[in-house]
Structures are given as C-alpha cells and as structure tokens.
Amino acid sequence: MTAHDQTDVTDSAPAELPEVVGVLGGGRMGAGIAHAFLVRGPRVVVVENDEAAAEAARARVVTSVGRAAERGLLTSTVDEALGRLNVTTAADDLAGAGLVVEAVPEDTDLKLEVLRRAERVAPGAVLATNTSSLSVSGIAAGLKAPERFIGLHFFNPVPASDLVEVVVGEQTGDDLVEQARGWVTALGKTAITVQDSPGFASSRLGVAIALEAMRMVQEGVASAQDIDTAMTLGYRHPVGPLRTTDIVGLDVRLAIAEHLTRELGPRFEPPQVLRDKVAAGELGRKTGRGFYDW
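Residue numbers (the working numbering): 36 to 329.
Keep in mind the hints are simulated off the structure, nothing from the lab. A hint or two may mislead.
Distance ranges between label pairs, derived from CB positions [to be verified]:
| no. | residue 1 | residue 2 | range |
| --- | --- | --- | --- |
| 1 | GLY316 | TYR270 | 28 to 34 Å |
| 2 | ALA180 | GLU51 | 20 to 26 Å |
| 3 | GLU105 | GLY62 | 18 to 24 Å |
| 4 | GLY316 | GLU148 | 39 to 45 Å |
| 5 | ALA48 | ARG271 | 39 to 45 Å |
Backbone N, C-alpha and C define an ideal beta-carbon position, used for all residues, glycine too.
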C-alpha cells in the first residue's frame, strides 16, 4: 500500500454513489449522514436498536429533509426523498447495500459489534466508521475484510457541513481511498485525506483549542462568550470553541480528551471545569446548559 498525502484537499471526481447505503445508528450524526445520502439519490437504510429509537431516528431525518426543502436545497420532492428511506430494527435490511456507515457512540466494542453484523448481512459492502477519535486500524483488525474498511468522519450538523475526513487505516485499499473521496465529492462536500492517528486532524486541533479555552474560563481570564468572540472575530472561526463544545456535547468532548490523553500525553488532560460540568449533567445544548444556557 502506498502512502497518501495527509493534507490532500484536491477535489476528486465525483463517484457514483451506491444504490443502497446503510447507516448504523440514527442519532444526531446518523440521521445527518442518512440525510446527506438521501438527498443525493440513494436508498438509505437506518438501523436502530428498538422501535422507539427507530421512530426517533425517522423523525430526525424527516425534520432535516423538510428543512432542506424549505431552503430550496432538494432536487426532488420531500415525499420522493423520504420514499427512499427505511428506518428499521432489522440488520438484515442492509442486504444489498454498497456502503454501510456506522454512527454509534464512541465505544470500540459497540462499533465492532454493529460492523460485524453488517459484514455478515452485507458481505459485498464497503464498511465505514464515523468515529471522531478511535483508531480506524484498531477497529479494522476485528473485521474479516479490513481492506474494505475506512473512516468517513462527518461533521455536525452533517447537512450544513462541507467537510468529511477520509481516514486511511493501515490496511485500507488504495482504490477504496479514491472511491471514498469521490463519494464525498458526489455528496457536495470536500474530502481531506488523513492517515489513521489519534484524533485525526480535526478532532486533535479542535479539542486542543477547546481545552485551552476551558482553562481560560477556569482561570478567570475571560468569559466564555468573550473567548468565543476572540476566535470568531479575531480568527474568523464560524463558531467559537466553547459554543462548539456545547453543540457537540461536553460528555463527548471529555471522552475524546481522555482518549487523546492516553494516546498523546498530558497536553490533552481535561480541565477540571469540564469534568465538573459533566458530573453535574451540564452537557451543553442537549441538556440546556453547558458553557452557555440554551
């Protein structure tokens, strides 16, 4: 396998998207990934654990597609797009999928469990993980065909985000890397290619900035809002690091920071203010309070 340029952002030629795309997990990220493919033509199968979770996942996608229609971003009708959506609790419905993307919580054992199930029922599919920090090569080691496994790290909110990290594992095939980049282009997004490493490019940089912003809050340097304003106006970041943390979830940021600390050392040690807020249930937008009140 040849080495890939870790910072390659050259647009790839669009590749024909698979006729059927599976998404494992229909939370905020999974629903967003389902939306991204659905509005570009494929049939999309979202697999959830139980009926309640499946109903919630379907509602997320329906709402998201409806908003896209209101903004004039659909090339079909809402009914036509949603007619290609199947939200199910049966993994067997993935049979025939050309691509299956997992978007379950950041737990290696859980990811392997759902990916192995997909590998059994859709043996011809490319498998991808949406992990933001876990080792793609480590997950691939537990699969039968690691050469057909790749990282596709989408960003929240998926419908509005232009970036996808294509994360190359140690055994990922060269042809698959180019195919994945073409799929990203076909979705109307931009791919960057990143070799598998802790936190990849985006999480590593984003978390580093966010952790320093948290330390500044903890030390009383400035308010959360003023720190964010420094980054939005001074550095033209569209959203400040603390507001972004609230949107992503403080619990998610804490888990990633702890993982990066184990892998890369104490520079990623989570500040006490982050640990305290998570312990108090202040997880950001999803609970109504984090570094901001929502």
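Hint check for TYR270 and GLY316 - Cβ pair distance inside 28 to 34 Å: Once the Cβ atoms are compared, 31 Å apart, the range 28 to 34 Å for TYR270 and GLY316 holds.
Consistency of beta-carbon spacing, GLY62 to GLU105, with hint 18 to 24 Å: Between GLU105 and GLY62, where Cβ atoms are some 23 Å apart, the hint holds.
Pairwise beta carbon distance, ALA48 to ARG271, judged against the given window 39 to 45 Å: violated, 30 Å
GLU51 and ALA180 - C-beta distance against the hinted 20 to 26 Å: Holds: the Cβ-Cβ distance is about 21 Å, inside 20 to 26 Å.
C-beta pair GLY316, GLU148: status relative to the range 39 to 45 Å that was hinted: violated, 28 Å
When each numbered hint is compared with the structure, violations occur for hints 4 and 5.
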